[in-house]
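Given the coordinates of chain E, work out where chain V should sit on it, guided by the hints.
2 protein chains.
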Amino acid sequence: MIKKPLILVCNDDGYRARGVMELAQVAGEFGDVIVVAPVNGQSGMSHAVTLNQPIRLKTGEMCNGKPAYACSGTPADCVKIAINQILDRKPDLVLSGINHGSNASVSLFYSGTVAATIEACMNGIPAIAFSVDDHSADADFTLAVKSARTIIKRILESGLPTGTCLNINFPRISPEQFKGMKICRQTIGVWKEEFEKRVDPQGHDYFWLTGEFSNDEPLAEDTDEWALSHHYGAIVPVSVDFTDYPALEALKLWAL
Amino acid sequence: MIKKPLILVCNDDGYRARGVMELAQVAGEFGDVIVVAPVNGQSGMSHAVTLNQPIRLKTGEMCNGKPAYACSGTPADCVKIAINQILDRKPDLVLSGINHGSNASVSLFYSGTVAATIEACMNGIPAIAFSVDDHSADADFTLAVKSARTIIKRILESGLPTGTCLNINFPRISPEQFKGMKICRQTIGVWKEEFEKRVDPQGHDYFWLTGEFSNDEPLAEDTDEWALSHHYGAIVPVSVDFTDYPALEALKLWAL
Numbered sequence: 001m002i003k004k005p006l007i008l009v010c011n012d013d014g015y016r017a018r019g020v021m022e023l024a025q026v027a028g029e030f031g032d033v034i035v036v037a038p039v040n041g042q043s044g045m046s047h048a049v050t051l052n053q054p055i056r057l058k059t060g061e062m063c064n065g066k067p068a069y070a071c072s073g074t075p076a077d078c079v080k081i082a083i084n085q086i087l088d089r090k091p092d093l094v095l096s097g098i099n100h101g102s103n104a105s106v107s108l109f110y111s112g113t114v115a116a117t118i119e120a121c122m123n124g125i126p127a128i129a130f131s132v133d134d135h136s137a138d139a140d141f142t143l144a145v146k147s148a149r150t151i152i153k154r155i156l157e158s159g160l161p162t163g164t165c166l167n168i169n170f171p172r173i174s175p176e177q178f179k180g181m182k183i184c185r186q187t188i189g190v191w192k193e194e195f196e197k198r199v200d201p202q203g204h205d206y207f208w209l210t211g212e213f214s215n216d217e218p219l220a221e222d223t224d225e226w227a228l229s230h231h232y233g234a235i236v237p238v239s240v241d242f243t244d245y246p247a248l249e250a251l252k253l254w255a256l
Numbered sequence: 001m002i003k004k005p006l007i008l009v010c011n012d013d014g015y016r017a018r019g020v021m022e023l024a025q026v027a028g029e030f031g032d033v034i035v036v037a038p039v040n041g042q043s044g045m046s047h048a049v050t051l052n053q054p055i056r057l058k059t060g061e062m063c064n065g066k067p068a069y070a071c072s073g074t075p076a077d078c079v080k081i082a083i084n085q086i087l088d089r090k091p092d093l094v095l096s097g098i099n100h101g102s103n104a105s106v107s108l109f110y111s112g113t114v115a116a117t118i119e120a121c122m123n124g125i126p127a128i129a130f131s132v133d134d135h136s137a138d139a140d141f142t143l144a145v146k147s148a149r150t151i152i153k154r155i156l157e158s159g160l161p162t163g164t165c166l167n168i169n170f171p172r173i174s175p176e177q178f179k180g181m182k183i184c185r186q187t188i189g190v191w192k193e194e195f196e197k198r199v200d201p202q203g204h205d206y207f208w209l210t211g212e213f214s215n216d217e218p219l220a221e222d223t224d225e226w227a228l229s230h231h232y233g234a235i236v237p238v239s240v241d242f243t244d245y246p247a248l249e250a251l252k253l254w255a256l
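So the sequence lines, in the order shown, correspond to chains E and V. Numbered according to the numbering used here, the first sequence spans residues 1 to 256. Numbered according to the numbering used here, the second sequence spans residues 1 to 256.
Pulled out of the complex, with its shape left as it was, chain E reads as follows (with noise of 0.2 Å):
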């Protein structure tokens, strides 16, 4: 009997968000799913561990009608304890999201779902990040479910080159104005900070970081916010690898 794909579903927005159930159901469709994801929201966590203080695991809880473990920790917690403790076999496929939100261009660095699959990637395991550019509840998940389909499909025939993992977004359109996938760079951007200084009722200040994104390059039509920005799905291939090569040969020449 050939087995069917395992593949590992988790997220960062927990265990309960919509986007993970969308992504447990069509998962479901090419293996046996298991979702390993955080109990309550991580946004923002990246590829935070949990060194000090012990995870916990709820077990016996359903996602979609796939079995489902909440844990404590964060999203890269979610896929070492998947591997390491959960499951009795290598996963053949990490999938992460659906994230209630866009991580394309820097976003990726702050994102616990491209994390996760930066983790998996380490492990071997061709793994992919799903978000869409929408933080509402009620995000339409429809294109990205129906791009996931075709996606995972051919990942679970192909494979991932070693190394690489796949950070793709989608634009929050309706399915009509939609153009198709995009293999695309990370854009070079970044996130325009401001904090809100507050004063608390004992008359302490405390400050609450926002901001919004700038991308430094608009009119790159090689980007992911390009991509986004003109209706198009972005796949960008992110490498587990951060060594800057040309950077390299650089300061090779400098004799430090």
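There's no promise every hint is true.
The list treats identical chains as one, so a pair stands whether inside a single copy or across any two.
With a cut-off of at most 25 Å between alpha-carbon atoms, the simulated PhoX-like pairs for lysine-lysine come out as follows [what the hints assert, rightly or not]:
no., residue 1, residue 2
1, Lys-58, Lys-179
2, Lys-197, Lys-90
3, Lys-90, Lys-3
4, Lys-58, Lys-153
5, Lys-153, Lys-197
6, Lys-182, Lys-58
7, Lys-3, Lys-197
8, Lys-182, Lys-66
9, Lys-4, Lys-146
10, Lys-153, Lys-182
11, Lys-252, Lys-153
12, Lys-192, Lys-90
13, Lys-179, Lys-146
14, Lys-66, Lys-90
15, Lys-146, Lys-66
16, Lys-252, Lys-179
17, Lys-4, Lys-179
Calculated from the structure, these hints are not laboratory results.
Only chain V this time, still in chain E's reference frame:
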């Protein structure tokens, strides 16, 4: 009057850690120093940012004779709040560390120390992370401080390529054993995780994350782990563009 360079110093071990004190002192030889570092240890926090709770700043502190702000947030928060709230001009250099513990190879993914430099680099500021492969409270920073002096001087003179920051690690050796600095690429490897399962007094399971680093290419002389194990200091240029360019070309042929 020529303004002295403004140097922002941060870390992830907290503003009272010995490593940040040493770094603040050596930075003081080159310019005006401000320390903005976490109140407490933030190891393993990666590039996490604090979105769901307010950030507090403890002002009026000192770090080895330099003015210091202790921030309730993560290392990335420290850089953001320093640039956007505390400082009245953009720093000329951001230094992070000296971290108690190696951030070589894939440990940089989990590292708050390195994330602080990536955050600075995104904002167009040359940035360097320093770490010593020694977790002990009385770690010997002599070597790191001496090398930092040379590197800081050089980078204040020459800058760094746009979009590149440096991840610098030192081995746990005596200064006499030191062979010099090497420009390296990030070693391919993975943390082999184990979860230690325990039962709390109420009879509920909990897990501690534990593991050890596994080097997938111990013989590759161009890697940071090879340099460290052969008594070199390792300088890895890190890119803030995570795009996997070779994979990008391959994926374009997929016609997704």
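Structure-based check of all given hints:
no.	hint	result
1	Lys-58 x Lys-179	neither (41 Å within a copy, 51 Å between copies)
2	Lys-197 x Lys-90	between (47 Å within a copy, 20 Å between copies)
3	Lys-90 x Lys-3	within (13 Å within a copy, 57 Å between copies)
4	Lys-58 x Lys-153	neither (30 Å within a copy, 52 Å between copies)
5	Lys-153 x Lys-197	neither (49 Å within a copy, 36 Å between copies)
6	Lys-182 x Lys-58	neither (38 Å within a copy, 47 Å between copies)
7	Lys-3 x Lys-197	neither (56 Å within a copy, 29 Å between copies)
8	Lys-182 x Lys-66	neither (31 Å within a copy, 50 Å between copies)
9	Lys-4 x Lys-146	within (21 Å within a copy, 57 Å between copies)
10	Lys-153 x Lys-182	within (17 Å within a copy, 44 Å between copies)
11	Lys-252 x Lys-153	between (43 Å within a copy, 17 Å between copies)
12	Lys-192 x Lys-90	between (40 Å within a copy, 13 Å between copies)
13	Lys-179 x Lys-146	within (13 Å within a copy, 56 Å between copies)
14	Lys-66 x Lys-90	within (18 Å within a copy, 50 Å between copies)
15	Lys-146 x Lys-66	within (19 Å within a copy, 56 Å between copies)
16	Lys-252 x Lys-179	between (44 Å within a copy, 16 Å between copies)
17	Lys-4 x Lys-179	neither (33 Å within a copy, 53 Å between copies)
Hint compliance for this structure: hints 1, 4, 5, 6, 7, 8 and 17 are not met, and every other hint is.
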